[in-house]
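Colleague: Here is what each chain is made of, one letter per residue.
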Amino acid sequence: MAVIEIKNVAKRFGSYQALHDINLTIDDQEFMVLLGASGCGKSTLLRIIAGLETQTTGEVWIGGRRIDHLPPKDRGIAMVFQNYAVFPHLTVFENIGFGLRMQKLPNDEVKRRVERTAELMHIEQLLSRYSGELSGGQRQRVAVARALAMEPDVILMDEPLSNLDALLRMEMRAELKGVLAESNTTAIYVTHDQVEAMSMADRISVMHEGRIVQAASPIEVYRDPAERFVAGFIGNPPMNFLPAEPTGAGQWRVAGQTLKGPDLNRPLEFAIRPEDMTLSDAGLKAKAKVVEPLGAHLLVTAEVDGTLFRAVLDSDLKVSPGDVLTLAPTPDRIRWFDPKSHHAVQ
Amino acid sequence: MNAETRSSGRFLYTASVVLLCAWVIVPLYLLLINTLSSPETVNSFPKPFWPEFDLGSLSFFAGFEGMLTALKNSILVAAMTMVMSIAIGAPAGYALSRFDFPGKGLFRLLILLTRAFPLPLLALPLAVMFIRTGLDDTVFGLALVHTTLAIPFSVLITFSLFSGIPIELEEAAWTLGCTRLTAFTKVVLPLILPGITASAIFAFVISWNEVFAAAVLTIENRTLTAFLLQNLDTSPLHLKFAGGFILVVPALIFIFAVRKYLFAMWGIANR
Amino acid sequence: MNARYLPYLLILPVTLFLCLFFLYPFILVAQQAFYADGGWSLKNFQDVTSHWKFPISFRNTMLLAAAVVPVQLALALLMATMVTRMQKGRDLILYVWTIPLGISDLAAGIIWLAIFEQSGFLNSMMSGLGVVDRPVNFLSYQHPGIVFLAIALAEIWRATAIMLVILVAGIGLIPKEYYEAAEVFGASPWKRFTRITLPLLRPSLQTALVLRVILAFEIFAVVAALGGTLFPVLMGETYAYQFDLLNGGAAAAMALIILAISIAFTLIIMRALRVPKGATI
Ligand SMILES: Nc1ncnc2c1ncn2[C@@H]1O[C@H](COP(=O)(O)OP(=O)(O)OP(=O)(O)O)[C@@H](O)[C@H]1O
Ligand SMILES: [Mg+2]
Chain S
94 MAVIEIKNVA KRFGSYQALH DINLTIDDQE FMVLLGASGC GKSTLLRIIA
144 GLETQTTGEV WIGGRRIDHL PPKDRGIAMV FQNYAVFPHL TVFENIGFGL
194 RMQKLPNDEV KRRVERTAEL MHIEQLLSRY SGELSGGQRQ RVAVARALAM
244 EPDVILMDEP LSNLDALLRM EMRAELKGVL AESNTTAIYV THDQVEAMSM
294 ADRISVMHEG RIVQAASPIE VYRDPAERFV AGFIGNPPMN FLPAEPTGAG
344 QWRVAGQTLK GPDLNRPLEF AIRPEDMTLS DAGLKAKAKV VEPLGAHLLV
394 TAEVDGTLFR AVLDSDLKVS PGDVLTLAPT PDRIRWFDPK SHHAVQ
Chain W
8 MNAETRSSGR FLYTASVVLL CAWVIVPLYL LLINTLSSPE TVNSFPKPFW
58 PEFDLGSLSF FAGFEGMLTA LKNSILVAAM TMVMSIAIGA PAGYALSRFD
108 FPGKGLFRLL ILLTRAFPLP LLALPLAVMF IRTGLDDTVF GLALVHTTLA
158 IPFSVLITFS LFSGIPIELE EAAWTLGCTR LTAFTKVVLP LILPGITASA
208 IFAFVISWNE VFAAAVLTIE NRTLTAFLLQ NLDTSPLHLK FAGGFILVVP
258 ALIFIFAVRK YLFAMWGIAN R
Chain L
851 MNARYLPYLL ILPVTLFLCL FFLYPFILVA QQAFYADGGW SLKNFQDVTS
901 HWKFPISFRN TMLLAAAVVP VQLALALLMA TMVTRMQKGR DLILYVWTIP
951 LGISDLAAGI IWLAIFEQSG FLNSMMSGLG VVDRPVNFLS YQHPGIVFLA
1001 IALAEIWRAT AIMLVILVAG IGLIPKEYYE AAEVFGASPW KRFTRITLPL
1051 LRPSLQTALV LRVILAFEIF AVVAALGGTL FPVLMGETYA YQFDLLNGGA
1101 AAAMALIILA ISIAFTLIIM RALRVPKGAT I
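Chains as they are written, first to last, in this note's numbering: chain S, 94 to 439; chain W, 8 to 278; chain L, 851 to 1131.
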């Protein structure tokens, strides 16, 4: 059982507050992805869990044991680094066996476990090579194998695929997910690639400026963003926003149209995903500016009431720049945000 | 640019390279001729322009009163300097490359100041201090002064060496069950060892070549440089040349041994 | 071990060592220099500067530095640009050119003694060519110019290598793209040297010059080997005060004078070659 509990963790670098009061629980054997823009504090949080960085305040618990005062080696974790950190002076075999040797396991046990993990990562033919003789993808596999060979309770990964080319990334993504599912470890995976996050995660924690703004399943993060930031960050193209004025009794005025919404009496922001609209007789009037046929569908960048607005439409439609489209939002996909607090409104 | 000017440019270039190599090598060759000639030839005129391979001068050197002791002292002092400057300097180099700490700027200033200061001048007060502590005229006392001389280099060189080793390698070792110490010995040390050796040799040569402090601080236990300096006016030519030759040989080996690191260490130490 | 204290623990040995063997003796030198006849005074300085040999040794040291350092700088720059263009044999050439780096000033003096002494190679060659009938005693007071030349040549021969190493390392840090860009814009090799190499090399030039100039003021053993008492220099006078005249106060004063000159020149070089903030590579 390796539940990870992060309680009120904050981190300052001098006068810069990198993390604000982080609270997060990661279940046993869960695959948690930390997602966020560059500089939002993902690595810092991961390194605090690993013990490579000391939090300013707060506690970290793993498997019911408080570990934030322990050195990295006593935390029951293994880590995969962004640039792999494969030891250049050791062979692949000795790299994978490094942690086992530190535990002073007998030789045959080391050999058995190294060979098994090497097989798992498909690098058994590379065992006698040095890191200088490996490709980026192979080095990546060695780094993962080295972590897995430790049979850790928790495996921490900081953008492990970011140095690979697109194709290899896709391949490794699937493979890594499979291997980790089999190994019964709890995993925390840092990335700024939302496709990677969506495809791998059991749960995604979206981070923004040192805070976790939403921790939920990929589909929930996509469908029900808890904050305007998440709505704008996740999805490509991102969600559309328009100002909305209440006209009473749950009716809202959005770009000259009347729509049904929450029964509140203050201005809100209307939000809709580009693919959640259809061409129809009644709806938002959008003047097409740029039309991009993407094969599977048509991406139209338009203007609604002077605001930039995107729609993903069927690729059979004929749309030219200058056309005025009438777009009807799918009612149950409409989301509302408070313009002041930026929180979602039910 | 036509072919003619290009080929004449190439000729000029090659000629200058050859000329500059000759500029370095010919004086060394002339010293070699003198060393490998009999004392009579060395003092005769005119000189031959090739060596007669006579070991007379060298054996005279070996037999000269006090010369072998001086050679032994030189080696001892240089070896001590080498060990001390690395043992004391390398931890500081590591600290500079791995930590940001208040006072780091001040510490670097102290190191640079030491490098920029005409250090042999300090031999004068140290002589007084050593007499009080009984370190005067000892090999160890001189090694202490030479270590002061070599330390700025050993700190700056090891600093740049350690900076060349990604911190992630150490961090990976920590997550794989190492303490700070075992991560250092199992990961950093094997990677850094050739560079450390180079910087140790550098320290050796700094001490080996130092004249002023050695002359000031030793009387009975002269090093080779101090001994040669002291007997410069009185010793015969063939003794000077043989001694000079013995001084030069380690230099040839030294530059050969560290040639790979010579440029890397200055490249970073500059900033 | 707490990571907060670890760096201090690591720099502690060096700091202690330098305090004991650098700062403390430095204070002692200063004290001794300003102390005479049982009180603080400038007497030591007055004594050494009013000695008849002082202006001569001061002038000699300066002349030597002025003659040697620019030549070394030019040579080192030439050699450094030559090796960067080199494809094969680069390592061998660099090895040969950096050999003098490991050779002490005393050994260098002795090497050039072999050339300039009365029965040396220069005389042998000249008589072989029939230029002179009898060997000339170059290193004597009849030939002060040749004594100066011999010392300068020995210094240039010995100490160009340290500048070369620093400059080659510095050139290695300049990204190749700058040269390629300049070439695309049609800059000639000479323009590339003056417009790219020289400005970007400023930090290395600074280091090389400071180090060289300081060492130039400390010149001692080369002079002792080649000129002896014919060519007094500041460092040699310091040595003489300490040993021949057994006047520690005067020696300390001389040491401080050399230090002051070194600091003055270091500041001038740093100022002349300062790198504007943010204009580094
Ligand atoms: N050692 C440090 N000293 C000072 N500031 C730091 C330090 N480490 C990180 N920071 C700052 O903390 C913030 C968060 O950094 P962090 O490395 O966690 O970002 P990240 O989310 O991992 O970004 P990326 O996706 O680019 O890796 C950044 O603004 C960074 O500048
Ligand atoms: Mg990061």
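I should point out that these hints are in silico values taken from the structure, not numbers from a laboratory.
Among the hints, erroneous ones may be present.
[What the hints assert, rightly or not] Sample of chain W residues at the chain L side, in silico, Cβ under 7 Å:
1) V33
2) L133
3) L254
4) V256
[As the list claims (entries may be wrong)] Mimicking DSS-like on lysine-lysine, the simulated pairs with C-alpha atoms at most 27 Å apart in a straight line are:
5) W/K267 x L/K938
6) S/K411 x S/K378
7) W/K193 x S/K204
Where a beta carbon is used, it is the ideal one built from N, C-alpha and C, also for glycine.
Colleague: For each hint given before, does the structure comply? Return the numbers of the non-compliant ones in rising order.
Modeller: Of the numbered hints given earlier, those the structure breaks are 1, 4, listed in rising order.
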